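Trainee: From first to last, the protein sequence lines stand for chains F and C.
Each position in the first sequence, counted from 1, maps to that position plus 15 in our numbering.
Each position in the second sequence, counted from 1, maps to that position plus 684 in our numbering.
Derived by calculation from the structure, the hints in this document are not laboratory data.
Computed from a predicted model, the values in this text were never measured in an experiment.
All C-beta atoms, glycine included, are put in the ideal place defined by N, C-alpha and C.
Any given hint could turn out to be false.
Claimed, not checked - Restricting the straight-line Cα-Cα distance to at most 25 Å, the calculated cross-link-like pairs of lysine to aspartate or glutamate (DMTMM-like) are:
| hint | chain 1 | residue 1 | chain 2 | residue 2 |
| --- | --- | --- | --- | --- |
| 1 | F | K24 | C | E708 |
| 2 | F | K24 | C | D775 |
| 3 | F | K24 | C | E786 |
| 4 | F | K45 | C | E708 |
| 5 | F | K75 | C | D731 |
| 6 | F | K75 | C | E744 |
| 7 | F | K45 | C | D731 |
| 8 | F | K24 | F | E40 |
| 9 | C | K758 | C | E744 |
| 10 | C | K758 | F | E40 |
| 11 | F | K75 | C | E786 |
| 12 | F | K45 | C | E707 |
| 13 | F | K24 | C | E744 |
What the hints assert, rightly or not - Beta-carbon label-pair distances, calculated as ranges:
| hint | chain 1 | residue 1 | chain 2 | residue 2 | range |
| --- | --- | --- | --- | --- | --- |
| 14 | C | A754 | F | V38 | 55 to 65 Å |
| 15 | F | Q72 | C | S743 | 40 to 50 Å |
| 16 | F | V38 | C | V735 | 41 to 51 Å |
| 17 | F | D20 | C | R706 | 16 to 26 Å |
Stated by the list, open to error - To give an idea of the chain F side of the interface with chain C (calculated C-beta under 7 Å), a few residues:
| hint | residue |
| --- | --- |
| 18 | G29 |
| 19 | V67 |
| 20 | S73 |
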Amino acid sequence: MASVDLIFKLAGIGILVTVAYSVLERLDRKEWGQLVALAGIAIGFLMVLQEVVQLFQSVKTMFNL
Amino acid sequence: MLALMRVVGVGLMATVLLLVIREERRDLGLILRLGAGVVILLLLVPDIARVVAAVIHLSELAHIPSLYLALLLKVVGISYLTVFVAQLAQDAGEAGTGMRVELAGKLAILVLAIPLIASITETVLKLIPS
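The shape of chain F in the complex, shown without the other chains (with noise of 0.2 Å):
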């Protein structure tokens, strides 16, 4: 199933951005931190939209929207 991969994409991702986070903090490169944290959200938040897009064209379909 390509939709439930999703969210262990996603849980990698977040895990991984912590992880980043947590070791720039430490080399006290938190602006970096901040970027890597908001690149993360970003493609996240892309990786999701398709999957809402398509639930969106679902729904409308079946629905008659």
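Starting from the known structure of chain F, arrange chain C on it as the hints suggest.
Mentor: Below, chain C without anything else, positioned relative to chain F:
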């Protein structure tokens, strides 16, 4: 039945993963929650389509005008989407945004119902002898 097991598994998985992520980063937790909600609703789509087809078949048997049924389905679809988004906003602590989305959904349903209300009013007015 298969869809139900999948939904249960996805819900369990998403809950555990959210517990890990939400403590550290609330923003990514929100995106993960949105993803889980979308995935679960997408898994439910085939079952809903089957139910809708059955309802349409039953209404054809009962000779209900398809106009009314299409309206009913539209209302169900609007509430499905608006409740999804409003619930997500409420989970994120943005209850005001969620309420506004719900208001927009109610307004859309009311706009759809206006022709029906008008026709009912006209029928009632015809029945009343002036």
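Trainee: Each hint should be assessed against the structure and marked as holding or not.
Mentor: Structure-based check of all given hints:
Distance restraint check for K24(F) and E708(C): the Cα-Cα separation of roughly 17 Å lies within the 25 Å cut-off, and the hinted pair is therefore satisfied. Straight-line distance between C-alpha atoms of K24(F) and D775(C) comes to about 21 Å, which keeps the hinted pair within the 25 Å bound. Pair hint K24(F) plus E786(C) does not hold up; C-alpha atoms about 30 Å apart against a cutoff of 25 Å. Distance restraint check for K45(F) and E708(C): the Cα-Cα separation of roughly 15 Å lies within the 25 Å cut-off, and the hinted pair is therefore satisfied.
Distance hint between K75(F) and D731(C) is fulfilled; the C-alpha atoms sit about 15 Å from each other, no more than 25 Å. Proposed proximity of K75(F) and E744(C) is supported: the alpha carbons are some 22 Å apart, at most 25 Å. A hinted pair counts as satisfied when its Cα atoms are at most 25 Å apart, and K45(F) with D731(C) does not qualify at roughly 48 Å. Under the criterion of a C-alpha separation no larger than 25 Å, the hint pairing K24(F) with E40(F) is consistent with the structure, at around 24 Å.
For the suggested pair K758(C) and E744(C), the alpha carbons sit about 18 Å apart, so the restraint of at most 25 Å is met. Our distance criterion of 25 Å between C-alpha atoms is broken by K758(C) and E40(F), whose separation comes to about 50 Å. Of the pairs offered as hints, the one joining K75(F) and E786(C) holds, with about 18 Å between alpha carbons and a cut-off of 25 Å not exceeded. For a cut-off of 25 Å, the pair hint linking K45(F) to E707(C) stands: about 19 Å separates their Cα positions.
As the CA atoms of K24(F) and E744(C) are separated by approximately 45 Å, the hinted pair breaks the 25 Å bound. Checking the proposed 55 to 65 Å range against A754(C) and V38(F) shows it holds: the Cβ atoms sit about 56 Å from each other. Look at Q72(F) against S743(C): about 25 Å separates their beta carbons, and that is not inside 40 to 50 Å. Checked against the given bound of 41 to 51 Å, the beta carbons of V38(F) and V735(C), roughly 50 Å apart, stay inside it.
Evaluation of the 16 to 26 Å hint for D20(F) and R706(C) yields a pass: the beta carbon distance comes to about 21 Å. For G29(F), the interface hint holds, since its Cβ comes within 7 Å of a Cβ in chain C; the closest pair sits about 4 Å apart. Checking V67(F) against chain C: minimum C-beta separation of about 5 Å stays under 7 Å; hint holds. Below 7 Å, beta-carbon pairs count as interface contacts, and S73(F) has one with chain C at about 5 Å; its hint therefore holds.
The structure fails to meet hints 3, 7, 10, 13 and 15 from the earlier list, while all remaining hints are met.
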